[in-house]
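Engineer: Chain residues, written in single-letter form:
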Amino acid sequence: MGYVVRRLLSVVPVMLVVAVIAFLLIHLSPGDPAALIAGDFATADDIARLHTALGLDEPLWRQFGLWAGKLLQGDLGTSIFTHVPVTQLLAQRVQPTLSIALLTMSLSILIAIPLGVLAAYRAGTWIDRLVMVFAVLAFSVPVFLVGYLLIYGFAVKLQWLPVQGYTDLSHGVWPWLRNLILPCVNLALVYIALITRMTRATVLEVLHEDYIRTARAKGLSVLPVLEHALRNAAIPIATTVGVGIALLIGGVVVTETVFAIPGLGRLVIDAVEHHDYPVIQSVLLISAAAYVLINLLIDLSYRLFDTRIRY
Amino acid sequence: MSDSTTPPAGLPTAHQALSVKALRWRWIRKHPTLLLGLILLLLVAALSIAAPWLATHDPLAINPLQRLKPPSSQHYFGTDALGRDVYSRVIWGGRVSLVVAICVAVLASLLGVVLGLLAGFVRWADAVIMRIMDGMMAIPDILLAIALMAVIRASLTTVIIAITIPQIPRVVRLVRSLALTLREQLFVEAAHAIGTRLPVILWRHVLPNTITPLIVQATFIAATAVLTEAVLSFLGVGVPAQVPSWGNMMADGRNFVAVAFYTILYPGILLAVTVLAINLMGDGLRDALDPRLANRL
Numbered sequence: 001m002g003y004v005v006r007r008l009l010s011v012v013p014v015m016l017v018v019a020v021i022a023f024l025l026i027h028l029s030p031g032d033p034a035a036l037i038a039g040d041f042a043t044a045d046d047i048a049r050l051h052t053a054l055g056l057d058e059p060l061w062r063q064f065g066l067w068a069g070k071l072l073q074g075d076l077g078t079s080i081f082t083h084v085p086v087t088q089l090l091a092q093r094v095q096p097t098l099s100i101a102l103l104t105m106s107l108s109i110l111i112a113i114p115l116g117v118l119a120a121y122r123a124g125t126w127i128d129r130l131v132m133v134f135a136v137l138a139f140s141v142p143v144f145l146v147g148y149l150l151i152y153g154f155a156v157k158l159q160w161l162p163v164q165g166y167t168d169l170s171h172g173v174w175p176w177l178r179n180l181i182l183p184c185v186n187l188a189l190v191y192i193a194l195i196t197r198m199t200r201a202t203v204l205e206v207l208h209e210d211y212i213r214t215a216r217a218k219g220l221s222v223l224p225v226l227e228h229a230l231r232n233a234a235i236p237i238a239t240t241v242g243v244g245i246a247l248l249i250g251g252v253v254v255t256e257t258v259f260a261i262p263g264l265g266r267l268v269i270d271a272v273e274h275h276d277y278p279v280i281q282s283v284l285l286i287s288a289a290a291y292v293l294i295n296l297l298i299d300l301s302y303r304l305f306d307t308r309i310r311y
Numbered sequence: 312m313s314d315s316t317t318p319p320a321g322l323p324t325a326h327q328a329l330s331v332k333a334l335r336w337r338w339i340r341k342h343p344t345l346l347l348g349l350i351l352l353l354l355v356a357a358l359s360i361a362a363p364w365l366a367t368h369d370p371l372a373i374n375p376l377q378r379l380k381p382p383s384s385q386h387y388f389g390t391d392a393l394g395r396d397v398y399s400r401v402i403w404g405g406r407v408s409l410v411v412a413i414c415v416a417v418l419a420s421l422l423g424v425v426l427g428l429l430a431g432f433v434r435w436a437d438a439v440i441m442r443i444m445d446g447m448m449a450i451p452d453i454l455l456a457i458a459l460m461a462v463i464r465a466s467l468t469t470v471i472i473a474i475t476i477p478q479i480p481r482v483v484r485l486v487r488s489l490a491l492t493l494r495e496q497l498f499v500e501a502a503h504a505i506g507t508r509l510p511v512i513l514w515r516h517v518l519p520n521t522i523t524p525l526i527v528q529a530t531f532i533a534a535t536a537v538l539t540e541a542v543l544s545f546l547g548v549g550v551p552a553q554v555p556s557w558g559n560m561m562a563d564g565r566n567f568v569a570v571a572f573y574t575i576l577y578p579g580i581l582l583a584v585t586v587l588a589i590n591l592m593g594d595g596l597r598d599a600l601d602p603r604l605a606n607r608l
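Residue numbers (this note's numbering), protein chains in the order written: chain A, 1 to 311; chain B, 312 to 608.
Everything labelled a hint here was simulated from the structure, so no lab data went into it.
Just so you know, nobody snuck in bad clues.
On the chain B side, residues computed to face chain A include the following (Cβ under 10 Å):
#1 569
#2 580
#3 584
#4 588
Subject to a maximum C-alpha distance of 20 Å in a straight line, what follows is the list of computed SDA-like cross-link-like pairs (lysine to any residue):
#5 157(A) / 570(B)
#6 157(A) / 569(B)
#7 341(B) / 129(A)
#8 157(A) / 379(B)
#9 157(A) / 565(B)
#10 157(A) / 573(B)
#11 380(B) / 369(B)
#12 157(A) / 567(B)
#13 157(A) / 566(B)
The beta-carbon is built from N, C-alpha and C at its ideal position, and this holds for glycine as well.
Just chain A, with the same shape it has in the complex (with noise of 0.2 Å):
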């Protein structure tokens, strides 16, 4: 249990330091924040005004306590353009996102790990070589690039999907489905492709242990031997998904742009041009909060894969 405690307080100081990043934000810019935010048609009146309206005259050690003491109690500020409360607008947004990296995420598992123990157990083969080849070019590609082919073959040119946008799930699934099918594999190129990677290299260097020598040896066929492998290459590859996160929530962002989706990615794109700080703030934090959280399960759920890990 020891182990659990301390990989659970672990994740303190990171969101901890996770904070000060976003909150600094704001006052790592040249100049008056409420300047900033105010705009280019603002008088002296109006900047003053705001100024200390966001807290801005305090010193800032106070400012980042009044400020992460409403975070923890669950208030993420209003928004400076809309004037809404921040979690209100992530509501609004969170669905799609959600959608999008979670059926990537199934979609990129379901298709990497199989290609990855095929590409190690035909190594060397032509399959290997192929799945490689794929895999460098799916890291090489932009993201938009591949998502504007996709627009232009799937939905331009055949027109078998809808070219762009968002249906709620409350339409019905396949509404929904038929809107996601082209951002999820776009995004889920690149996923694949790291996720490949990493099967293909710790599979491979399993496959040359001595257990599977023997296993090979006593008649066992391929399919066994195969679970045998990828039972003792869970580990990395498990480690890979997690922090495989990253990229993928960087890439929902650009997908949403592409796809013309209004999910987070969106919202913090618009939020940038306005320069509303609480909104990119809570974003930067929810997104590495999922970042630290999935990890953290990942982490804790070693154990299933490997019995002989006891904490």
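Given chain A, put chain B in place with the hints provided.
Structural biologist: Relative to chain A, chain B alone:
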């Protein structure tokens, strides 16, 4: 380069009979990805350096009469929504990407080495630096860069800074882990024992041993930097909109996917080729410089 190809003493002497030239050729043939990446990258670099001579039009010249014209002998890659020549803009756009790639790779490596060595050798600094790095790593690169671009006025310099900062933790982690093993090595202990001061030990004995993995890492960072710059510009938070960068061009073409797909396709292809070239070089360098990893990834 020829040093690393010379077989260590004790190996069959057949190799030693070969000339340096033959050895070099053999080395290149053993690492085709490195060569392919290098050739592609040199090609892109040559195109962008020679942009003033290769471009057929002023990349900024607007021509309302020639809007959204498909590729022709007049405009090799067609024209965009403002009648600007896509071919000329694509060639000039390479400059932005390459400058970003080099600056980010160098800056992130320099800052990362300083912080990484500090963390590896100074105990109290280690805890502080690594906690900050852990926090930075929890924020997705692109999101951190976007957030930074929100507070600083958009220019090429600020884009470089915004892309560099999220990359620093990667270098710090690498250098720190190398430093931790090097610290226990006999030659470092010996230097310490004869009274060499820490900065001298770091400079003379530790730093040279981190260079090889650092070069590989810097190459991958350069590839990420090119992609991130394009993403930022594409999202409208990168280099100023009038600068012909590949990301900006693709952002301009966003509303014309159906009618003028080439305005997105050509800058996209150049972008992909550049990133691919740098990634191939990174893979090749890793295999060539660090044989232990050669068969793994």
